[in-house]
Every structure is written in structure tokens, then in C-alpha cells.
Amino acid sequence: MERNAEFKFMLDFIVESYLIEELARDQLRSLWMAYCLHHNLDVDTAEYDEDLARLWDVVSEAGDGTTEWSDYESFDHFMSRYLV
17 MERNAEFKFM LDFIVESYLI EELARDQLRS LWMAYCLHHN LDVDTAEYDE
67 DLARLWDVVS EAGDGTTEWS DYESFDHFMS RYLV
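Everything in the sequence shown is counted per the working numbering, starting at 17 for the first residue and increasing by one.
No wet-lab data here; the hints were simulated from the structure. A few of these clues could be false.
No farther apart than 25 Å at their CA atoms in a straight line, the calculated lysine to any residue pairs in the SDA-like style are these [as the list claims (entries may be wrong)]: (1) K24 x Y51; (2) K24 x E84; (3) K24 x D67.
Restraint ranges, calculated between C-beta atoms of paired labels, are given here [stated by the list, open to error]: (4) G79 x N56: 30 to 38 Å; (5) R45 x R19: 17 to 25 Å; (6) F25 x S76: 14 to 22 Å; (7) T61 x I36: 28 to 36 Å; (8) E38 x Y88: 17 to 25 Å; (9) Y34 x D60: 28 to 36 Å; (10) I36 x R97: 12 to 20 Å; (11) D87 x A62: 19 to 27 Å; (12) E18 x D87: 29 to 37 Å; (13) E37 x A62: 26 to 34 Å; (14) I36 x N56: 25 to 33 Å; (15) S86 x E18: 16 to 24 Å; (16) T61 x A21: 18 to 26 Å; (17) N56 x Y34: 27 to 35 Å.
Beta carbons are placed, not taken as given, at the ideal position from N, Cα and C, and that holds for glycine.
Construct all of the structure, not just a fragment, from the sequences and the given hints.
As C-alpha cells, this is what we get:
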């Protein structure tokens, strides 16, 4: 899948999902892991951090009440758990 299209799919997933549910959060992490593998993104590189920050912006705007991520750092740890 083309990188921009795959990234847009994740953004749409965030907007349409209820991230308060554990399953939706796990699905988002799985999409992110696949995206990173497809496009050779390594944790804590500029490209990785930039894309993850863009996702966080949408997640924090959605504000669906998830307590899993209180800030960007907790989101980063959650999303990179299986990539490091």
C-alpha cells in the first residue's frame, strides 16, 4: 500500500473508532506496526517520530476518554511496545 494512503487509513481509523475500547487501541497499534514495517520506519528516528506525532494530534483531538494515554509519551510507549 502506498505510504500516504496507509497513513490516511490510520487517521480515518482513529476518527471512526472508540479508542476507549481496548480492542480498538490494539487494532491501532497493529496498524501502526504494519505501517512501520512496510515503510522501514525505526523507533526514535525523525520519520517515525514525525508520523507518530501526527497520529497523536488526531488521537488527542478525538478525546474519546481513553485513559490508556495521558500524554504523548505514554502513547509513544504503547505504540512502540512490540517494535523495540
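For each hint, the structure was consulted:
no. : hint                  : verdict
1   : K24 x Y51             : holds, 11 Å
2   : K24 x E84             : holds, 23 Å
3   : K24 x D67             : holds, 11 Å
4   : G79 x N56: 30 to 38 Å : holds, 32 Å
5   : R45 x R19: 17 to 25 Å : holds, 18 Å
6   : F25 x S76: 14 to 22 Å : holds, 19 Å
7   : T61 x I36: 28 to 36 Å : holds, 30 Å
8   : E38 x Y88: 17 to 25 Å : holds, 20 Å
9   : Y34 x D60: 28 to 36 Å : holds, 29 Å
10  : I36 x R97: 12 to 20 Å : holds, 19 Å
11  : D87 x A62: 19 to 27 Å : holds, 20 Å
12  : E18 x D87: 29 to 37 Å : holds, 31 Å
13  : E37 x A62: 26 to 34 Å : holds, 32 Å
14  : I36 x N56: 25 to 33 Å : holds, 32 Å
15  : S86 x E18: 16 to 24 Å : violated, 33 Å
16  : T61 x A21: 18 to 26 Å : holds, 21 Å
17  : N56 x Y34: 27 to 35 Å : holds, 31 Å
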